[in-house]
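Participant: Our numbering puts the first residue of the sequence shown at 168, with every later residue one more than the last.
No lab work stands behind these hints: they were computed from the structure. Hints may be right or wrong, so weigh each one.
[What the hints assert, rightly or not] Cβ pair distances, simulated, as ranges:
1. Thr178 - Phe201: 40 to 46 Å
2. Gly223 - Thr172: 22 to 28 Å
3. Gln230 - Ile208: 18 to 24 Å
4. Asp275 - Thr311: 41 to 47 Å
For every residue, glycine included, the Cβ atom is placed at its ideal position computed from N, Cα and C.
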Amino acid sequence: MSAQTVETILTQHQGASRDALIPILQEVQEAEGFLSREAVIKISKHLKLPASKIYGVATFYNQFRFQPKGKYHVMVCRGTACHVKGSLKVLDTAMKQLKLSPGQTSRDRMFSLEVVACMGACGLAPVVNVNGEFYAKVSPRKLTQIIQSCREKEAANAHG
Numbered sequence: 168m169s170a171q172t173v174e175t176i177l178t179q180h181q182g183a184s185r186d187a188l189i190p191i192l193q194e195v196q197e198a199e200g201f202l203s204r205e206a207v208i209k210i211s212k213h214l215k216l217p218a219s220k221i222y223g224v225a226t227f228y229n230q231f232r233f234q235p236k237g238k239y240h241v242m243v244c245r246g247t248a249c250h251v252k253g254s255l256k257v258l259d260t261a262m263k264q265l266k267l268s269p270g271q272t273s274r275d276r277m278f279s280l281e282v283v284a285c286m287g288a289c290g291l292a293p294v295v296n297v298n299g300e301f302y303a304k305v306s307p308r309k310l311t312q313i314i315q316s317c318r319e320k321e322a323a324n325a326h327g
């Protein structure tokens, strides 16, 4: 994490009060990719708020994350249409294949897993998004193939 980036953002919010908390959290996450412990502590000092209060607000909104995204960021839609079409089985498969719970990133930072309420692609349910690429009508088997393809890409890059 770049302490300089967080400092720069906080400088732009001189004299800010607690109503600036969410915009500051959004800017820090936009710049850093996630909210690190160090960033939360700096924000806490700047706004004169306990870090626990900041975590309370940040964990309430599912847009904030406390770990960096993996190289392959896997988002599984759990909206109504996707749920009806079987996205729970797809999510279970993702969790087993990646050995992650939603909101986590693998130690090697290769994969991260996120659950989203709706991707707005209900006609294609169930939908999975990997790094901005949408996959339609995803079955557990199809998700296994998508993850395998990401792993094969990495293996090829490592050897060539």
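Participant: Would you mind marking each hint as holding or not holding in the structure?
Facilitator: Outcome of the hint check:
For the pair Thr178 and Phe201, the supplied restraint of 40 to 46 Å is violated, since their beta-carbon distance comes to about 21 Å. The supplied range of 22 to 28 Å is met by Gly223 and Thr172, whose beta-carbon atoms lie about 24 Å from each other. Restraint check, Gln230 to Ile208: a C-beta distance of roughly 20 Å satisfies the suggested window 18 to 24 Å. Restraint check, Asp275 to Thr311: a C-beta distance of roughly 19 Å breaks the suggested window 41 to 47 Å.
Checked against the numbered hints given earlier, the structure breaks hints 1 and 4 and satisfies all the rest.
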